Amino acid sequence: MTNFRLPKLTFWRTVVAVIFLAGAYAAYARFALGFQQSTNLADSQPWGLWVGLGTLCGVGISAGGFAIAAAVYLLGFERYRPVVRAAVLLSFLGYLTVIVGMMYELGLPWRIWHPIVMWNRRSVLFEVSWCVMLYTTVLSLEFSPSLVEKIPWVRLRELYLKWHHHLLIALVLIGAILSSLHQSFLGGLYLLAKGKVDPLWYSSYLPTLFYLSAVPAGLAATIMAVYLCNRSLHARVDPRVLAELSQIIAPMLYVYALLRGIDLVTHGGAGYLFKWREESLLFWFEIAMFVIAPVLLLSQSKVRNNPNALYGTCALVVMGFMANRLNVSITAFQASSGFYYIPKWTEFALSMATVTAAGVAFHYAVIYLEILPRSVPAKNWMTRHPATA
Amino acid sequence: MPKSKAILIDITKCIGCLSCEAACKQLHGFSQDPEPKLSPTAFTIVEEHGDRYVRRMCMNCQDPACASACLVGALKKTELGPVTYESSKCIGCRYCLVACPFNVPRYQWSKLAPFVTKCDMCYARQAKGQSPACVEACPVQASIVGWRDEILEEAQRRILSDTKYEKHIYGSEEVGGTSVFYISDVPFEKLGFTKVESQPMPVLTANALGDIPTVVTVGGGLLAGLYWITNRRKLVALAEAAESARSGKGKDPHHD
Numbered sequence: 007m008t009n010f011r012l013p014k015l016t017f018w019r020t021v022v023a024v025i026f027l028a029g030a031y032a033a034y035a036r037f038a039l040g041f042q043q044s045t046n047l048a049d050s051q052p053w054g055l056w057v058g059l060g061t062l063c064g065v066g067i068s069a070g071g072f073a074i075a076a077a078v079y080l081l082g083f084e085r086y087r088p089v090v091r092a093a094v095l096l097s098f099l100g101y102l103t104v105i106v107g108m109m110y111e112l113g114l115p116w117r118i119w120h121p122i123v124m125w126n127r128r129s130v131l132f133e134v135s136w137c138v139m140l141y142t143t144v145l146s147l148e149f150s151p152s153l154v155e156k157i158p159w160v161r162l163r164e165l166y167l168k169w170h171h172h173l174l175i176a177l178v179l180i181g182a183i184l185s186s187l188h189q190s191f192l193g194g195l196y197l198l199a200k201g202k203v204d205p206l207w208y209s210s211y212l213p214t215l216f217y218l219s220a221v222p223a224g225l226a227a228t229i230m231a232v233y234l235c236n237r238s239l240h241a242r243v244d245p246r247v248l249a250e251l252s253q254i255i256a257p258m259l260y261v262y263a264l265l266r267g268i269d270l271v272t273h274g275g276a277g278y279l280f281k282w283r284e285e286s287l288l289f290w291f292e293i294a295m296f297v298i299a300p301v302l303l304l305s306q307s308k309v310r311n312n313p314n315a316l317y318g319t320c321a322l323v324v325m326g327f328m329a330n331r332l333n334v335s336i337t338a339f340q341a342s343s344g345f346y347y348i349p350k351w352t353e354f355a356l357s358m359a360t361v362t363a364a365g366v367a368f369h370y371a372v373i374y375l376e377i378l379p380r381s382v383p384a385k386n387w388m389t390r391h392p393a394t395a
Numbered sequence: 011m012p013k014s015k016a017i018l019i020d021i022t023k024c025i026g027c028l029s030c031e032a033a034c035k036q037l038h039g040f041s042q043d044p045e046p047k048l049s050p051t052a053f054t055i056v057e058e059h060g061d062r063y064v065r066r067m068c069m070n071c072q073d074p075a076c077a078s079a080c081l082v083g084a085l086k087k088t089e090l091g092p093v094t095y096e097s098s099k100c101i102g103c104r105y106c107l108v109a110c111p112f113n114v115p116r117y118q119w120s121k122l123a124p125f126v127t128k129c130d131m132c133y134a135r136q137a138k139g140q141s142p143a144c145v146e147a148c149p150v151q152a153s154i155v156g157w158r159d160e161i162l163e164e165a166q167r168r169i170l171s172d173t174k175y176e177k178h179i180y181g182s183e184e185v186g187g188t189s190v191f192y193i194s195d196v197p198f199e200k201l202g203f204t205k206v207e208s209q210p211m212p213v214l215t216a217n218a219l220g221d222i223p224t225v226v227t228v229g230g231g232l233l234a235g236l237y238w239i240t241n242r243r244k245l246v247a248l249a250e251a252a253e254s255a256r257s258g259k260g261k262d263p264h265h266d
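Protein chains in written order, with my numbering: chain A, 7 to 395; chain B, 11 to 266.
For the record, the hints were derived by calculation from the structure and aren't laboratory data. Here the structure is a predicted model, which means the values were calculated and not measured. All C-beta atoms in this analysis are idealised placements derived from N, C-alpha and C, irrespective of residue type, glycine included. Treat the hints with caution; some may be incorrect.
Covered stretches of chain B (in silico footprint by chain A; criterion: 3 or more residues with CB under 8 Å from a CB of chain A, positions within the stretch not fixed) [as the list claims (entries may be wrong)]:
#, stretch
1, 89-95
2, 119-125
3, 197-208
4, 233-241
5, 245-253
According to the in silico footprint, chain B covers these stretches of chain A (three or more CB under 8 Å from chain B) [stated by the list, open to error]:
#, stretch
6, 75-82
7, 198-211
8, 231-245
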């Protein structure tokens, strides 16, 4: 214990500490004072930021794990292998934030296990809850070798890794199917709210649209995470791998935009496109960020091959994706409910703290585990060394 | 559904005395203060629209959106007609509030262990053969209860026998039919009634849920097939590499 030092006070550590403090107060407000004191939710807006951002964006942005794992292990795209572990870890942590989010989003979180024994096969939410449970298990198994390979007992380690190797293909395949199901069913949740959801967002193709938008957002988030690791955690992933990965995003956004456009015209939502109202402005804001700007930017090799520009473009994709999910879950309900919902600061604080915790966990996982190829060896956490991050 | 109960609310007869509200609050042990809107302590309320009074309550749909939404099956359509809520199952996800086309369910936002609240047509009383408290309290029979088919016939008889009535029974077709009907001499849209789908709401999600077997079998088969191809290619490449190494001619293993 002679090596013990107080952690240095850096800018980012201060930011993280402030976010955690605010989150701690928000958690106190939620659990000791209740929804009324900690949220601006109401009967006409029963799902707010915690569902729109925490669940819909959390699950969507975590789509990179299944997509890249399937590409590498099932389709043989070996060149993405250097980033597969980072993608799986990002997804795993993403789903953990969703489950932690459930603990404050649900009114009676101590009953979160109820869907395991109380079934309603007609409920889309029932299917989502089962898929999320199973897929989080799959992700924890996919991620587990990163931890197990650090176990000092050789025989146990080798035994586990051998079995894991045999099961991996099945896990990735099951993961891809479970993901395809619940990524789309999150959109399917809103099918039932026909008449309440604004025509610019309601569609009988909501499940397909949610699926088609989650995959590019998940890939963009993975590119961002790996870029940041390259920049500040000594990761050594060839930027060309990221550039190549980004080339998949634009065609996916094309397909998404095409389906959404056709759907708007055939469902009659197109008539609202150019009406002067807040919903239409937010629609164009979403489309500009999620589709138009990224498609234009990613079509230029200048942008794809410049890591900074690529990072910025991927940030646009992720933010545009978030705009879409928040529009579906909040903006689209405003006109029909006549209720103008703006989240309380405690709602933001608790969501921010959850996401930040995942970010911190990712940071230390990259340092202490073999997540990405790095120019410095992973820290050995089994022997006592002072952590200097 | 064999024989189920339904309520008919005749807007032309309501005098706005609020006896129904009071009886409901008394039955559930709520404070007697009248409330302007449905709330966790007001399962039925009377709205004023010009000189008409419209009593609101849960429509107790035939195929309820809330019951199909509820992931743990806490909300159920009973054979007797009422849509009941089993609070011991509820996890507080509030999808029923999102799903309800009539915006009826209310949430106990101020409680630390909040539940969903709504009218269940006095299921407990009706199971014992009694009328719902609100219907029993009505001094002018603006609300009546009976077997659903007979109540529907009565509503039909009234709107056909008197020209003042709008020629529509609200609830007969709305979301595939409900267990609460309204008849009126003023167009329904002027009384704050929502225009809803004519099909039952759960139909909207049934199609998506029906796709699960296809996604699992076709998607799974496709991915498994693609994996088989990649794996086979890899094996072939390995075998070829081994072959060329054995022949020792230094031939390029990637000749194709």
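Going down the list of hints, with the structure as the test:
Here the stretch 89-95 of chain B counts 0 residues with a CB under 8 Å from a CB of chain A, which misses the bar of 3, and the coverage is violated. Residues of the stretch 119-125 of chain B with a Cβ under 8 Å from some Cβ of chain A number 7, which satisfies the need for three, so the listed coverage holds. As drawn, the stretch 197-208 of chain B meets chain A at 4 residues by the rule of a beta-carbon pair under 8 Å; at three or more, the given contact holds. With 6 residues having a beta carbon nearer than 8 Å to a beta carbon of chain A, the stretch 233-241 of chain B meets the requirement of three or more and the stated coverage holds.
Chain A is given as covering the stretch 245-253 of chain B, and this is violated because 0 residues of the stretch bring a CB closer than 8 Å to a CB of that chain, at least three being needed. Closer than 8 Å: that is the beta-carbon criterion, and the stretch 75-82 of chain A has 5 residues meeting it against chain B, so the requirement of 3 holds. Using a Cβ-Cβ cut-off of 8 Å, 6 residues of the stretch 198-211 of chain A lie near chain B, which meets the minimum of three, so the contact claim holds. Beta-carbon proximity to chain B at under 8 Å applies to 0 residues in the stretch 231-245 of chain A; the threshold of 3 is not reached and the given coverage is violated.
Hint check: violations occur at hints 1, 5 and 8; the rest are consistent with the structure.
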